[in-house]
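Residue numbers (this note's numbering), protein chains in the order written: chain A, 1 to 311; chain B, 1001 to 1212.
Misleading hints may appear alongside valid ones.
Said to hold, decoys possible - Taking lysine to aspartate or glutamate and the EDC-like style, the derived pairs with C-alpha atoms no more than 20 Å apart in a straight line are: (1) A:287 <-> A:268; (2) A:287 <-> A:271; (3) A:265 <-> A:94; (4) B:1004 <-> A:298; (5) A:153 <-> A:217; (6) A:78 <-> A:298; (7) B:1004 <-> A:220; (8) A:202 <-> A:220; (9) B:1004 <-> A:183; (10) B:1004 <-> A:181; (11) A:265 <-> A:117; (12) A:246 <-> A:186.
Hints in this document: simulated from the structure, not taken from any laboratory.
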Amino acid sequence: MKNVVKKGIVLLFTASLILVLGACGGKSAGSGGAAQAEAGSAGTGSVIVGSKDFTENEIVAEIYALALEDAGFTVERKMNIAGSVVHTSITSAEIDIYPEYTGTGLITILGMEALTDQDAVYNSVKEAYNERFNITWLDYAEANDGQGLFISKKASDEYGITNISQLQANADKLRFCSQGEFDEREDGIPGLTKLYGEFNWKSSKIYDNGLKWEVVDNDEADVATAYTTEARLTETDKFVLLEDDKHMWPPYNLAPIVRNEVLEKYPEIADILNKVSAALDTETITKLNAQVDIEGEEYEDVALDFYKNIK
Amino acid sequence: MIQKIGEYIAAHPQQLAGQIAAHIGISLIALLAAALIGIPCGCLAAGIRKGESIIAAPFEMLRVVPSLAVLILLIPVMGTGIPPAVTALTILAIPPVLLNTVVGFRSIPDFMIESARGIGMTERELFRRVKVPAALPMILAGLRTALVEVVASTTLAAKIGAGGLGEIIFTGLGLYRMDLLVLGGGLVAILSLVSGGVFDILTRRLFRYKYV
């Protein structure tokens, strides 16, 4: 009996060893294949485009990929990489290009002090990335996916509110829909109060984040928080995004970032992607998000339609 | 941690008092509603053969749906705020009240009813002076169970803007701040225990004769 068990264990062990070795072999063969493919298409060049794991970033990455393919590149796509991992992927050369946000680069990746001027943020990250990571930030798009506040169209018309200063002046007539954390976070109400003055809301209630659009749409609150490119902001007959007129929040402009090694090899990438960035503003991106998140289209199709239009 | 909790309390005293008041208020309204529906239905069910399965079963089926789902399902019908929160909590609280009422009435010894009839009580007198007092301890036990459950679940009301101590808990979750989670969770637990205790004291007063 004992012998049988022993034999079984040895067998299992051998089997798993073979499996592991087999997997390793497969992997090395795979990367060998990729290298061959690269060598084979050296005339036009091949790059790997990555993206983070949410709709907007996937759409933009797909547009980059389409533009590069159009210029004759062979593009490998590695979409849907977790936001916390994507930076490591590019520094370890798993990917060559992905769309990043200037604010994320500055605050999350570099851990630098938050700035609020678009160019200042862009120049800081461009310089630091080049020095530290050997990565180039190409031109940034006007599109800004940052923190924001929106108000119901009705309240906006009634009190003439289109920016946060006007909101602060009229706060006593407005009902605020919070998610709780916004009242406490340093870049939430406390920060807004320091910059714009006290917000004496008529009422401030906490709702689940997923409910904010319904709550404002059903006239149970007037003001809520949102990211500036959230899909439902396309419903401009219901919601108005408020302008951050005193620049409370750092800008989160979209820009392609490319490994220097790749850019030196194929300098034409800069022109190709800068042309894409020039066509992306906040409103456009919000619409593209809505096509995927609200209308349920595939991000690849949305990117393709958009690219055909700007080509 | 304790220092952080202290700082938070010191910085938001009014807000905190409001949240505790809202929490107690919502819980009590839900309990009252559950009593108003559960006790009469239980009374009725006790009088009918297989009454539980006819009257209590529907409420039990409703109870199976998680309160959080009920809250969100009610939004298209009732909007947000206190009414849907109270409705969801009432659904949660009805079964213990109803079932205990049924058991309370069913477990009255036959001799009590027979003796009451024997001394010439009318059905109405029998109900008011014998059946209700005999069933009351069970009914109150059901209310107590419901109360403790409701106080704990009122936390969810904060998801739909009805207020209460859930606000602190959800804020703590969003910011990953342990001090807020401990404060909010702790206060709910204390409130739940205290409400049970207060209920016990009231029960003792009501039935002083039982504890002589």
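Problem - Broken hints, by number - result: 1, 2, 4, 7 and 11
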